[in-house]
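Protein chains: 2
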Amino acid sequence: MFDIVFLGTGAMKPTPKRFTSSLMLRHKKETIMFDVGEGTQIRVAQSGFSPMKVGKIFITHFHGDHFYGLPGIIFTMSNSERKTPLTIYGPTGAKKFIQQILTLGYGQVPFEVNVEELSNGDQIKGDGYTITAFDVDHGPPSLGYLFKEDDDFSIDTDKMKKYGLTSHPKFKLLKKGETIEIDGKTLKPKDWLIPIKGDSMVYTGDTRPCENTVNMAKGATILIHESTHVSGDIEEDRGHSSAKEAAEVAKKAGVGTLILIHISSRYLDTTPLLDEAKKVFPNVYLPNDLTKVMVKKGELTVQ
Amino acid sequence: MFDIVFLGTGAMKPTPKRFTSSLMLRHKKETIMFDVGEGTQIRVAQSGFSPMKVGKIFITHFHGDHFYGLPGIIFTMSNSERKTPLTIYGPTGAKKFIQQILTLGYGQVPFEVNVEELSNGDQIKGDGYTITAFDVDHGPPSLGYLFKEDDDFSIDTDKMKKYGLTSHPKFKLLKKGETIEIDGKTLKPKDWLIPIKGDSMVYTGDTRPCENTVNMAKGATILIHESTHVSGDIEEDRGHSSAKEAAEVAKKAGVGTLILIHISSRYLDTTPLLDEAKKVFPNVYLPNDLTKVMVKKGELTVQ
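So the sequences go chain by chain: A and B.
Residue numbering for the first sequence follows numbering that gives the first Met the number 0, starting at 0 and increasing by one per position.
Residue numbering for the second sequence follows numbering that gives the first Met the number 0, starting at 0 and increasing by one per position.
Treat the hints with care, since some could be wrong.
Since copy identity is lost for identical chains, a pair holds within one copy or between any two.
[Said to hold, decoys possible] In silico SDA-like pairs for lysine to any residue, Cα to Cα no more than 20 Å straight-line:
id, residue 1, residue 2
1, K16, G47
2, K12, R81
3, K16, A44
4, K250, E210
5, K16, N287
6, K291, E29
7, K171, I181
8, K12, L101
9, K12, F110
10, K95, Y105
11, K95, Q107
12, K16, S46
13, K16, Q45
14, K174, I193
15, K16, T290
16, K16, L289
17, K196, G176
18, K12, N78
19, K12, G106
20, K12, G47
21, K12, V108
22, K12, M51
23, K12, Y105
24, K12, Q107
Honestly, the hints are just simulated from the structure, not real lab data.
Given the sequences, and given the hints that come with them, work out the whole structure.
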């Protein structure tokens with residue numbers, strides 16, 4: 000179970016309603032940010048959350064609309080006397096650009112900022128999840144990210160009841176894969192546990208439709224795919240996807256829900272984008288800035 | 000006559016309603032920006048204007064809340080294929096920091112960006128105005144700016160009527176200071192012209208109250224003074240002014256209207272700031288983001 004707040008759903012140029020790219024994912028006690036377009040800290044404030052809780056930031060690529068909010072959010076964390084380290088992940092170039100940001104203007108950064116450059120297939124393991132970076136097809140070094148909750152198990156309580164068993168401290172051991180003994184009965188994990196598939200999210204950043212996204216998004220609960228334009232409106236050599244192309248990727252990967260973001264400033268009415276995507280893949284959603292969604296047991300709920 | 004749109008009226012940390020420092024001044028055909036906090040280009044879009052018309056940007060100092068919107072606005076100008084040169088003025092350090100911004104991330108800037116470092120007393124002359132930089136008392140190299148329209152003359156039409164004179168092409172020469180002859184009558188400029196005092200605006204940026212501001216603001220139509228806090232709420236060593244201190248500067252300088260900006264995020268209700276300023280200097284105004292004011296013939300009108 001995790002939730003996502005869409006902080007910026009616009010493309011290269013912000014509009015009065017859509018800021019540039021950023022989303023915030025909350026899982027257990029962690030808050031993770033993906034991309035930090037200009038004004039991200041303002042959207043965080045408007046969402047009612049705090050940037051102080053963000054521990055990890057994943058940047059897809061170093062075009063301005065995906066990271067120009069970093070100086071401001073670090074400045075605010077510094078003015079709020081943050082002490083907790085912050086780790087920023089990104090493709091090749093991350094170390095150089097973050098260093099430029101950390102020396103941009105006067106002011107001290109009173110906390111540790113770690114930068115890790117990632118390549119295709121690199122994995123970051125966290126408490127109950129793994130984030131995998133994968134190459135996408137955009138132009139400059141560009142990564143998409145797969146966030147996947149660890150698979151888990153729950154006790155089959157219905158079956159337990161049938162056998163007259165109720166809650167017991169030893170059940171924890173059973174969940175850890177150990178065989179336990181209660182009242183002379185031997186209970187093996189395989190007989191009493193139900194597997195729970197972890198939910199997953201893929202965020203592409205900017206990209207042309209590509210096989211790597213299809214492979215990484217196989218069976219994902221949600222695929223957040225860029226959808227800059229309606230088919231034919233801009234040239235393929237700009238490195239972006241149409242809503243139709245995003246839907247084709249979703250269909251090939253068999254995801255649960257497709258979410259369209261990175262909407263060009265030319266579409267104040269997003270109906271044409273939704274319409275062309277739905278013809279290919281019906282389960283599609285296009286959020287506004289500050290829309291919050293919950294992902295739980297394979298289902299997406301808009302909150 | 001000029002107008003001003005307040006794009007960001009907040010202090011170090013943006014709030015949902017107040018972005019960080021920026022204001023836009025429009026005079027004749029020019030659009031001039033003073034400070035460019037994060038999200039400035041979003042506020043410009045929300046104001047209904049275009050960043051493409053901005054030809055000169057004056058930065059007061061290089062704390063993030065006064066210039067972190069520069070990368071984004073330059074990125075958008077670039078994506079909009081701007082060709083017109085842009086000149087950025089600022090205190091010592093401007094060349095270094097703007098260079099960092101211009102190389103932050105991938106992407107070409109297809110227009111000329113000139114940077115000029117200014118010192119106390121430096122003047123930039125434009126079409127019908129002069130901008131003077133002056134040192135303020137903040138910490139890092141910090142400038143305030145005086146924008147002053149050129150003084151002008153108008154024909155004394157009432158007097159003309161008395162003498163049976165009406166409009167004549169030669170009046171233009173009179174306005175230029177030349178003695179003219181109409182129907183055998185000799186008309187000297189000093190007898191037929193009324194001086195019009197140019198309107199003026201002083202913008203302090205961040206500062207403690209200081210004599211330099213008082214001197215530069217002598218008789219100014221409007222003084223836009225930072226007013227971060229209510230007296231006693233934060234320490235003097237932070238380099239900022241209280242509303243009361245801003246009002247004392249306005250009183251000493253004898254300005255027309257005092258405008259309070261750079262409002263700390265702690266004041267969602269700004270009444271305490273206005274109240275303490277009014278006790279010292281009654282003609283005070285505290286704008287919101289996107290408030291537009293017109294300055295004409297010594298008067299300020301909120302639009």
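Q: Could you figure out if K171 and I181 sit no more than 20 Å apart (CA to CA) within one copy, between two copies, both or neither?
A: within (13 Å within a copy, 107 Å between copies)
Q. Should K12 paired with L101 be assigned to within, between, both, or neither, using CA atoms and 20 Å as the limit?
A. So K12 and L101 pass the 20 Å test across copies only (17 Å; inside, 24 Å).
Q.
Treating 20 Å as the Cα threshold, decide for K12 and V108: within, between, both or neither.
A. Between copies, since 15 Å is at most 20 Å while 29 Å is not.
Q) How would you label the pair K12, N78 (within, between, both, or neither) given a Cα cut-off of 20 Å? A) between (28 Å within a copy, 8 Å between copies)
**Q.** K16 and G47: within-copy, between-copy, both or neither at 20 Å Cα
**A.** both (18 Å within a copy, 13 Å between copies)
Q: Have a look at K291 and E29 and pick one of within, between, both or neither, based on CA distance no larger than 20 Å.
A: within (16 Å within a copy, 42 Å between copies)
**Q.** Homomeric proximity label, K250 with E210: Cα distance no greater than 20 Å
**A.** The answer is within: 12 Å in one copy meets 20 Å, while 68 Å across copies does not.
Q | K16 and T290: within-copy, between-copy, both or neither at 20 Å Cα | A | Both: 12 Å inside a chain and 18 Å across chains, each within 20 Å.
Q.
I want to check one pair: K16 and N287. Are their C-alpha atoms no more than 20 Å apart within a copy, between two copies, both, or neither?
A. Both: 8 Å inside a chain and 19 Å across chains, each within 20 Å.
Q.
Within, between, both or neither: how does the pair K12, M51 come out at a Cα-Cα threshold of 20 Å?
A. So K12 and M51 pass the 20 Å test across copies only (13 Å; inside, 27 Å).
Q: Up to 20 Å between alpha-carbons, please classify K95 paired with Q107: within, between, both or neither.
A: both (18 Å within a copy, 18 Å between copies)
Q.
With identical chains, the pair K16 and L289 could be close in the same copy or across copies; at 20 Å between alpha carbons, which is it: within, between, both, or neither?
A. both (10 Å within a copy, 15 Å between copies)
Violated hints: none; the structure is consistent with every hint.
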